[in-house]
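Visitor: Each chain, letter by letter, is given below.
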Amino acid sequence: MIEFIEIIFTAGFWAATIRIACPLILATIGEVLCERAGVLNLGIEGIMSIGAMVGWMTVYLGADLYTGILAALVIGGIFGLLHAVFTVYLGASQHVTGIGITMLASSLGFFCFKLILPASTTPPKIKPFQPIDIPFLSELPFLGPAFFQHTPFTYLAILVVVFAFWLMNSTPLGLSIKMAGENPMALEAQGIDVFLVRTIAVVLGSALMAVGGAYLTLSAFDAFYFGMINGRGWIAIALVIFASWKPERALIGALLFAGLDAYQVRAQQLAGAIIPYQFFLMLPFLLSIVAMVIAAKRTRYPKALLIPFRRGERH
Amino acid sequence: MTALLKVEKITKKFGDFYANNKISFDVKTSEVLAILGENGAGKTTLMNILFGHYTPDTGNVYFEGNAIEFGNTSYAIKLGIGMVHQHFTLAENLTVLENIIIGRQSIFSLSLPKRHARTKILELSKKFGLAIDPDELVANLSVSEKQRIEILKTLFLDCKLLILDEPTAALTPQETDALFSTIRNMVKAGLSVILISHKLNEILAVSDRIIVLRNGSSVGETDTNSANREEIAEMIVGKKIDYPQKTKISRKSMILSLLDISYNKTDAPNLSAINLNLYGGQILGIAGVAGNGQTTLAKILSGHLKATRGKIIFEGAGNVLVSPKTFMDLGVAYIPEDRNSDGIVGDMEIWENAIMTEMDDRFFRNSLGIINRKASFDRSKELCETYDVRMQSIRQRSRLLSGGNVQKLLLGRWLMRKPKIIIACQPTRGLDEGAIASIQKLLLAAQRNGSAIVLISEDLDELLSMSDDIAVMYKGSLSNSIKTSTTDKLSIGLQMAGEGF
Amino acid sequence: MLKFRLEERTKSPYWLIILSPFIAILVAIILAGILIVLAGANPFESYYQLIIGAFGSKNSFAETLARATPIILTGLAASIAFKAKFWNIGAEGQLYFGALATTFFGTGLIVLPSTLMIPFLFVMGALAGGLLLLPLVLLKLYYKVDEVVTTLLLNFVVVLLVSYLLEGPWKDPMSLGWPQGKSVIDEGVLPQVLSKTRLHLGFIISVFLAFSVWFILSKTVIGYRIKSVGLNASAASHAGVPIFKTVLIVAILSGGMAGMAGVTETAGLKGYLTLDLSPGFGYAGIAVAMLANLNPIGVIFSGIFLASIYVGADAMSRAMNVPTYLADVIVALTVLCILLSLVFVHYRVLFFGAKKDD
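Chains as they are written, first to last, in our numbering: chain B, 1 to 315; chain C, 316 to 816; chain S, 817 to 1174.
The hints are simulated quantities; they were obtained by calculation from the structure and are not laboratory data. This list has only true hints and no planted wrong ones.
Listed next, the in silico DSSO-like pairs over lysine-lysine satisfying Cα-Cα at most 27 Å (straight line):
id: 1; chain 1: C; residue 1: Lys640; chain 2: S; residue 2: Lys1043
id: 2; chain 1: B; residue 1: Lys297; chain 2: S; residue 2: Lys1061
id: 3; chain 1: C; residue 1: Lys563; chain 2: C; residue 2: Lys798
id: 4; chain 1: C; residue 1: Lys689; chain 2: S; residue 2: Lys1035
id: 5; chain 1: C; residue 1: Lys804; chain 2: C; residue 2: Lys790
id: 6; chain 1: B; residue 1: Lys303; chain 2: C; residue 2: Lys461
id: 7; chain 1: S; residue 1: Lys960; chain 2: B; residue 2: Lys246
id: 8; chain 1: S; residue 1: Lys1061; chain 2: C; residue 2: Lys580
id: 9; chain 1: S; residue 1: Lys956; chain 2: B; residue 2: Lys246
id: 10; chain 1: C; residue 1: Lys580; chain 2: B; residue 2: Lys246
id: 11; chain 1: S; residue 1: Lys1043; chain 2: B; residue 2: Lys303
id: 12; chain 1: C; residue 1: Lys621; chain 2: B; residue 2: Lys303
Covered stretches of chain S, going by a simulated chain C footprint (3 or more residues, C-beta under 8 Å):
id: 13; stretch: 1031-1045
id: 14; stretch: 1048-1061
So the derived list for chain B, only partly shown, Cβ under 8 Å to chain C, looks like this:
id: 15; residue: Ser170
id: 16; residue: Thr171
id: 17; residue: Pro172
id: 18; residue: Leu173
id: 19; residue: Leu175
id: 20; residue: Ser176
id: 21; residue: Lys178
id: 22; residue: Met179
id: 23; residue: Glu182
id: 24; residue: Asn183
id: 25; residue: Ala186
id: 26; residue: Glu188
id: 27; residue: Ala189
id: 28; residue: Gly191
id: 29; residue: Ile192
id: 30; residue: Val197
Backbone N, C-alpha and C define an ideal beta-carbon position, used for all residues, glycine too.
Same shape as in the complex, but just chain B:
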């Protein structure tokens, strides 16, 4: 049994935790931005998928890796804008719009992938981001390989958390987003365009989701294949609730979650003979449900979440 405990003391486990956490961190923060402004974005799964495809394809077609990230950012923003036009400006059902966006983004991504690479049976590969060693720190025993030998994309993801934290707590825009999700009338009364604030939040959030998808094809793996998001978007939505809509807690939630995931992969290698692998694969999904149940007691949803704001409506 001691092997099961030893897992935690390997640098590989911690490095994997961070690797698994990155796409979740980006996606969860993206969803936090949307929901904080009062817009549920169920397009997340599809937006991650098309972000993964576009990021990868950009690099495959000859651009560099950073351009790949930028391309994902843009395509995510475009789908975010589509979501915002429907839910913010037209006040359509956020649930159904989100599902529709997920269907559209993922099918469009697959369609384009097949269009550009019609015949490929084995997915082609690119040269993804390589780990860089942070001077001095990477040479530390254990801590070095665990935390300071990651790819630039990984450090970027962590920077996004810092950015989101700063945005939400120290800028007028962050304050406006929080108000738009709580009492949009209050924001309007202070002379701020609620539609604009919500749209910015959804576009920015969706762009981050797409970048989260691109992390998979540009940093964690080196190819794009169908179904590679595999529910990560839905897990991110559960994490948002678990994180009480706060970026810093989203980081902790994603790391906790990724840690359990990294642990199960390693435990699976030890126990694979006894417990079928499918049960290990179920764990992330079941854990997400459990996390939501745990969080349910203290959950305080943004009050205006799901409620369209209509300007000039009689009250």
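Got chain B; can you put chains C and S on it based on the hints?
Guide: Frame of chain B; chains C and S shown alone:
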């Protein structure tokens, strides 16, 4: 004196309905102008036009001589017009300070100058007597404290004209006095105030000039000094209202009593050790500032919440299963305070709403659960006729009904069941005088038929005129009830502020 | 700057209500046509191939109806749930649970004559689908755990469970290594309704169920309560409508419909359970329900429409070399266009510019 604001022939239509019809007036510097009128007279629409929420169909408004741009709130703010809405526009998840400073910079600005703002807020609150802690979360504040933030918000913007929409609706008489002294301070400092209200007494106490609106049109204007109370009252309503007369009813046997009822969970305001007896033919008024537990009490009385401690005894029986259904069957009727979100299903037809409480009755359905439309339609028509619900057809969507008709439908739905107890929360709030009178008449008639009525209201005039006994709720406790004839507005107001608890 | 405002219509014109889904479909097809052009094919030719592929022969028509069968059922599942504003996005998992029940009971555990066996399997499938949803409904009612996320997440869990069973204990030893379940016994197999095609009794049953759901929703107390809970749960509760019970019934009905889709696929089309039993029928159901404006009778037609897109797209893809994912794109675009059309049915768009200085 020069006119700070000049309004010229403002007209605003919603569909075929004239919310404002050619309204003109002006506001001078250092003046309190009162705009009086019933609910639905067009006051709020007018103010929303001034403040840039709505664009009028025709008409002009000049502020300090310049024509203002409509449909643009930030423009109104920039000019120096501030507005305190009847329903507060505050985000409860933010602090007082954050609520005040939002909107002062562009949303693309990179910093929030909190320190400077805090100093200014503290200065203003001292100058105008508006005590507040800038770093408190808004969710933790009382109604009158929230109103102070709203006023501070406008002062923070150096506003020259402050619009107050029904500012005293949820205040105790003492808090109202404090508000009026703030208003006087502001006028002394050179500001102008537009006060919108339907409470004549208050208007007479604080305003300099009065304008009366009715059905969207301006019907009169007078200086407060030379105003005649009765004349204004008639101007407001336009016709003589047949006010309900309370008759003396002999008290019948005890129907319900609460013994040491407490509620402490996080999902609703808490209650502590409430005792109460209710008799047939009695109207018990419950006063209190909103949020002190009245709604929790109403929900416990109607079976929507289960008390965490204590006993409810129905006609001597102490073991009642707590559920809305069992309470309904025992004869409890519950009129929730928000008739649109808790009372009526707006997108269902009138007949569907009319029989909603009767769905377990075999008269309206067969044993397979198939609805008997004929019986349902007949019942709905009967209901609408008996209780004077004015509509085009029972197949009409309910949300198209006016507030008064919705309330008559909801109340009528319960009265058809001959309830033993009626829990009425704010049953006349937001209705016009005619509808208020009809609702009050219906309640008094139910009392004569032997029903016990718990009347929960923030309107002290209504409580004093309707109730036999009055009790006050404060922070989850209920005072002993006393005979209405032995008390008055002021002493109830003191109790509402916590005296004696 | 040009601004606009949505004003609610007090009454939507009938022609607009009836025409709007068709306009939405048309717009979706035109938009997808742009993609066909990008793929280097002629859109008119491609759509012609699609229609031929879906309706061109007795065989293809039967195939379309066979494909419509599970989609109609998941569409009903979504319609019932969405009517009550219960966001069951888990039809995919419930479908597989129904298929698991069919395999468990239908492969020899119980043998009944055909006239009993088939109804028995449907009941078991419906129960399985409903039961899968039950814990999530209870979590929602007792702990306010958002059902959108839990139903979505459970889809993945169920598919993994099916994968485990098919690779492990339930694997058919005769299947030559493919992960598939044992064949449903002859008494349980849904008979063909059109000879020499794959169209089976399941289609008739799904149409019958659509009419039943319509009856329940529009004529009975249960339907009335579902409607009231969906439109304003708080008001319904204050009028004595039992919310808890109603939502529970919604979940059982909705999960049950999706579970029965698993039965038609396992006992009808394939005869045994496989891991690719459903290529997203659960999600397609959402599109079907939206397209039908949650009307159960409408679900029959929108289900057939969607099935024809899927079946036709295969043929079109072969003939025109356009990736089959076009079908999914069309479906997704249809959902979004329907949403758009609903906005215009219920609201009037008023444009107004900033006031001119004159």
